[in-house]
Amino acid sequence: MLEIKFIRENPELISNAIQQKNEKACLDTILQLDESKRKLQFEYDNLRAEQNRCSKEIPILKKTGQNEKPLLAKLGNLAEQLKDISSNLNTITKKLDDELLKVPNIPLDIVPVGGESENQIIRYSGEKKEFSFTPRDHIELAELNELLDFKRSGKISGSGFAIYTGQGALLERALINFMLDYHIARHGYEEISLPILVNRKAMTGTGQLPKLEDDMYLVEQDDFFLVPTAEVSVTNYFMDEILNNGDLPRKFVSYSPCFRREAGSYGKDTRGLQRLHQFNKVEMVRLVHPDQSFIALEQMINDAEDILQALGLHYRVVRLATGDLSFASAITYDLEVWAPGIGKYLEISSISNFVDFQSRRANIRFRDSDDKVKYVHTLNGSGLATPRTFIALIETYQRSDGSYDIPDVLKRYIDATKYQKL
RNA sequence: GGAGAGGUGUCCGAGCUGGCUGAAGGAGCGCGCCUGCUAAGCGUGUGUGGGGGUUAAACUUCACCGAGGGUUCGAAUCCCUCCCUCUCCGCCA
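Note that numbering that gives the first Met the number 0 has the first sequence beginning at 0, numbered continuously upward.
Where hints are given, some of them may not hold.
Computed beta-carbon distance windows for the label pairs [claimed, not checked]:
1. 343 with 119: 12 to 22 Å
2. 62 with 220: 55 to 65 Å
3. 155 with 185: 36 to 46 Å
4. 80 with 244: 38 to 48 Å
5. 411 with 371: 40 to 50 Å
6. 157 with 220: 12 to 22 Å
7. 5 with 113: 44 to 54 Å
8. 218 with 270: 37 to 47 Å
9. 244 with 411: 35 to 45 Å
10. 238 with 85: 41 to 51 Å
11. 51 with 217: 37 to 47 Å
12. 362 with 406: 39 to 49 Å
Source of the hints: derived by calculation from the structure; they are not laboratory data. Where is the CB? At the ideal position from N, CA and C, for every residue including glycine.
With the hints as constraints, model all of the structure from the sequences given.
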């Protein structure tokens with residue numbers, strides 16, 4: 000959420016942002032509502048002040064035995080006027096707030112303007128692996144090794160759901176554990192495990208609502224949403240709180256299932272594990288002092304990259320253009336991992352700085368060293384999503400006979416001898 | 001799901017027979033003093049958000065005691081609805 004005062008004073012900036020992000024917030028409506036609201040507010044405040052003053056005199060009149068009836072009559076009148084005005088004020092405030100929630104965050108200056116084609120490749124890490132044979136894709140590999148069951152998931156859920164079987168399930172679990180352990184031990188994150196069913200307020204806090212309601216799974220009976228990412232639960236963990244300066248930064252890593260309806264993207268990348276309604280992800284979230292968020296962003300990109308490097312996967316870092324930025328993001332870098340079987344780079348991590356956009360919505364503040372209460376900056380990034388990691392992994396580590404290898408860092412997580420001791 | 005208790009400021013905690021309570025008291029934090037460090041002590045200050053106003057301040061005003069309604073000239077205090085927390089019972093992983 001942007002501050003109304005800021006919007007009022009920087010209308011071009013706002014309308015540019017709305018345009019660049021293809022949002023449908025209406026700036027004119029906002030400015031108009033804002034003005035009416037302030038006018039009404041002023042009127043209300045003045046009448047209310049009058050009312051407060053007069054009301055204070057009632058007990059004095061009574062005490063000194065004077066007639067309070069005339070004043071009471073006047074106050075009765077005032078009360079009625081106030082009722083009218085305040086109901087108008089409520090209506091207009093509600094309208095304004097609804098509209099404000101639709102205003103996207105403003106992209107930073109260094110974000111390229113334009114659509115997907117304007118995304119900038121910042122760097123590559125490693126190289127595409129060369130094979131002496133034609134590499135198979137993960138679907139074929141999974142079939143050969145019985146890692147996934149694409150046929151039966153349709154029976155119990157529908158299309159867009161994955162079943163990991165046997166070694167596949169073990170490998171996925173190994174990935175999750177490896178990522179969590181790595182971020183905790185090497186990057187200093189605290190692990191946290193939170194509800195994946197959250198309320199409307201939380202979903203609004205991080206900016207999924209109101210815009211993306213159709214893309215979220217809603218449990219109507221309780222008005223709960225299934226989180227599309229752990230970002231929602233983690234970031235809102237401090238909703239409506241004022242932290243001490245010393246509490247910052249907070250760095251969380253959280254594993255969770257993620258749920259996305261993917262409304263409107265039917266038929267796109269539907270093969271295999273590429274695009275699912277439910278998948279697992281290890282997410283990094285940071286709450287930091289405003290002065291630190293850009294350093295934090297760089298660090299988080301590195302944190303996510305470290306996982307890919309440790310797994311020996313080739314990837315590239317991409318700076319997203321304005322049109323590709325999410326609603327709440329000020330700047331986002333994607334990590335795209337190379338999947339040699341499919342022959343594509345797959346978006347595997349999205350790392351964003353939201354500056355104070357989410358913290359305003361979720362009302363997460365801190366007391367700075369100057370004793371002023373300010374909004375924290377929030378950031379998050381996948382570290383990483385498992386399905387596409389899984390894809391890249393088995394496609395990269397496949398052998399000519401259709402079997403696959405496992406990078407060393409994962410071996411301790413899936414070494415069968417470890418289980419014999421149990 | 002049933003019965004009870006409760007939700008107050010950064011935190012703890014009074015007030016809840018309606019007006020003098022933005023809210024006692026304490027902790028924390030800020031500043032000053034004192035003790036040659038540390039601890040203790042003394043004094044003093046310390047909410048958030050909005051409007052008006054100012055170059056900026058000063059100043060002024062409104063709102064906020066879980067959320068939303070209601071009663072009243074006036075509500076943290078009375079009434080209603082909802083949400084959340086805790087205890088007990090029931091039910092179930």
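Are there hints from earlier that the structure breaks, and if so, what are their numbers? Of the numbered hints given earlier, those the structure breaks are 7, 8 and 10, listed in rising order.
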